[in-house]
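Undergrad: Take a look at the letters that make up each chain.
There are 2 protein chains.
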Amino acid sequence: MLGRTYGNQNCSAARALEAVGERWSLLIIRDAMFGGVTRYTDFQRNLGIAPNILAARLDGFVEAGLMRTRQYSDQHREYLLTDKGWDLQPAIIALTEWGDRWAAPAGPPAVYRHRDCGGHVQLRTHCSTCGQTPPPAQVAAHPGPGRDPAS
Amino acid sequence: MLGRTYGNQNCSAARALEAVGERWSLLIIRDAMFGGVTRYTDFQRNLGIAPNILAARLDGFVEAGLMRTRQYSDQHREYLLTDKGWDLQPAIIALTEWGDRWAAPAGPPAVYRHRDCGGHVQLRTHCSTCGQTPPPAQVAAHPGPGRDPAS
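Chains as they are written, first to last, in this note's numbering: chain A, 10 to 160; chain B, 10 to 160.
By construction, these hints were calculated from the structure, which means they are not laboratory data.
Model, not experiment: these values are computed from the prediction.
Ideal placement from N, C-alpha and C gives every residue a C-beta, glycine not left out.
Incorrect hints may appear among the rest.
[Claimed, not checked] Simulated coverage check for chain A against chain B, where a stretch passes if three residues somewhere in it have a Cβ under 8 Å from a Cβ of chain B: (1) 19-28; (2) 38-52; (3) 59-71; (4) 76-88; (5) 130-143; (6) 150-157.
[To be verified] Now the in silico label distances, taken between C-beta atoms and shown as ranges: (7) A:Pro154 <-> B:Cys126: 40 to 46 Å; (8) A:Gly140 <-> B:Gly44: 25 to 31 Å; (9) A:Ser137 <-> B:Ala115: 20 to 26 Å; (10) B:Thr91 <-> A:Asn61: 34 to 40 Å; (11) A:His151 <-> B:Thr138: 33 to 39 Å; (12) B:Gly44 <-> A:Thr91: 38 to 44 Å; (13) A:Glu72 <-> B:Tyr81: 42 to 48 Å; (14) B:Ser82 <-> A:Asp125: 38 to 44 Å; (15) A:Glu72 <-> B:Gln80: 46 to 52 Å; (16) B:Tyr81 <-> A:Gly127: 28 to 34 Å.
[As the list claims (entries may be wrong)] Here are some, though not all, of the chain A residues that point toward chain B, as calculated from beta-carbon distances under 8 Å: (17) Arg13; (18) Thr14; (19) Tyr15; (20) Arg32; (21) Ala103; (22) Thr105; (23) Glu106; (24) Val120; (25) His123; (26) Arg124; (27) Cys126; (28) Gly127.
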């Protein structure tokens, strides 16, 4: 699924958006991740999207390794997140936190809690050297080892 | 810009995607945030996208309050991120980290560093109660105060 829309961008964010940047993709993964949704019909009911789009997204996730399928009857199967799919959780939380701050006049529709202790879970930046939580203006992008890949 | 594609979803992640979920949106914001890009022609050169799409995205960002404009000559203006736009940084970092882990065989094209000390900046979950960094399976979504808004 990589390299179609943003093929000229050597950028990991662009690579992620190739996988999950299409309409509805991250909301389907949200439902799997936080709603425990596994079945096509349940995704369909929750999201109300066109069946052909939902089917294309789920098939694409399987192809990209974000989900795997498991038969639960002769005719039906479940879609389960893989580790690669679960690893999108910070992106979903980050978008949620932005929406909570800027587009939720009635307050957050949902809050994230730590299963162990019930505490509120939020994302923070963390500096590996000084241990601080840098604000946006204090974070800069520098070239990494994959800046100019040999291939 | 809210409420068009995901109008039936009372979800802050969906609200965020209404603002920045269209093709190229987050990469334009990435260039403004980490590349210091402010001018239409520079966005155009960096991204290579169709002029009408770029213009529509920039105008949409201004309308949504993610960017503001500043004239720098009689005929040209700059597009500058607002606080609301800067606040998308965690979403961009989260997508980048996912791409680094799953779609960067040559290594990360870019790394995020703390301007103050040069340390590597990463995102972490943080539990407000126990202070731990819960892994994905330990984070659950619960109804929040905006779950059933009066309006």
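Undergrad: Hints first: check each against the structure and report whether it holds.
TA: Comparing the hints with the structure gives:
For the segment 19-28 of chain A, the assignment as covered by chain B holds, since 10 residues bring a beta-carbon within under 8 Å of that chain's beta-carbons and 3 suffice. Counting residues of the segment 38-52 of chain A whose beta carbon lies closer than 8 Å to any beta carbon of chain B gives 4, which reaches the threshold of three, so the coverage claim holds. Residues of the segment 59-71 of chain A lying with their CB closer than 8 Å to a CB of chain B number 0, which falls below the three-residue condition for coverage. Coverage of the segment 76-88 of chain A by chain B is violated [criterion: at least 3 residues with CB-CB distance below 8 Å; count 0].
Only residues whose beta carbon comes within less than 8 Å of a beta carbon in chain B count, and the segment 130-143 of chain A has 12; three or more means the coverage holds. Proximity of the segment 150-157 of chain A to chain B, defined as three or more residues with a beta carbon under 8 Å from a beta carbon of that chain, is established by the 7 residues found. The hinted window of 40 to 46 Å between Pro154 (chain A) and Cys126 (chain B) is violated, with their beta carbons roughly 21 Å apart. Between Gly140 (chain A) and Gly44 (chain B) the C-beta distance comes to about 27 Å, which sits within the given range of 25 to 31 Å.
Our hint of 20 to 26 Å for Ser137 (chain A) and Ala115 (chain B) holds, since their Cβ atoms are close to 22 Å apart. Between Thr91 (chain B) and Asn61 (chain A) the Cβ separation comes to about 38 Å, which falls inside the hinted range of 34 to 40 Å. His151 (chain A) and Thr138 (chain B) have their C-beta atoms about 35 Å apart, which keeps the hinted 33 to 39 Å range intact. Restraint check, Gly44 (chain B) to Thr91 (chain A): a C-beta distance of roughly 32 Å breaks the suggested window 38 to 44 Å.
The beta-carbon spacing between Glu72 (chain A) and Tyr81 (chain B), approximately 46 Å, falls within the hinted interval of 42 to 48 Å. A C-beta distance of roughly 57 Å is found between Ser82 (chain B) and Asp125 (chain A), which places it outside the suggested range of 38 to 44 Å. As the Cβ distance of Glu72 (chain A) to Gln80 (chain B) is approximately 47 Å, the hint placing it in 46 to 52 Å holds. At about 51 Å, the beta-carbon gap between Tyr81 (chain B) and Gly127 (chain A) misses the expected band of 28 to 34 Å.
With its C-beta approaching chain B no nearer than about 11 Å, Arg13 (chain A) sits outside the 8 Å limit, and its interface hint is violated. The restraint placing Thr14 (chain A) at the interface with chain B holds, with a minimum CB-CB distance near 6 Å, inside the 8 Å limit. The interface hint given for Tyr15 (chain A) holds, since its Cβ lies 7 Å from the closest Cβ of chain B, which is under the 8 Å cut-off. Satisfaction of the interface hint for Arg32 (chain A) is found here, the shortest Cβ-Cβ separation to chain B being roughly 6 Å, below the 8 Å cut-off.
Interface hint at Ala103 (chain A): satisfied, since its Cβ lies 4 Å from the closest Cβ of chain B, which is below the 8 Å cut-off. Hint on Thr105 (chain A) holds. Least Cβ distance to chain B is approximately 4 Å, under the 8 Å limit. With a cut of 8 Å, the hint placing Glu106 (chain A) at the interface with chain B holds, because the nearest CB-to-CB distance is about 7 Å. The interface hint given for Val120 (chain A) holds, since its Cβ lies 4 Å from the closest Cβ of chain B, which is under the 8 Å cut-off.
A least Cβ separation of about 4 Å between His123 (chain A) and chain B falls short of the 8 Å threshold, and the interface hint therefore holds. For Arg124 (chain A), the suggested interface contact is upheld, since its CB lies about 5 Å from the closest CB of chain B, less than 8 Å. Evaluation of the Cys126 (chain A) hint against chain B yields a held restraint, the C-beta minimum of about 5 Å falling below 8 Å. Taking 8 Å as the C-beta cut-off, the interface hint given for Gly127 (chain A) holds, the closest approach to chain B being about 7 Å.
Checked against the numbered hints above, the structure violates hints 3, 4, 7, 12, 14, 16, 17; every other hint is satisfied.
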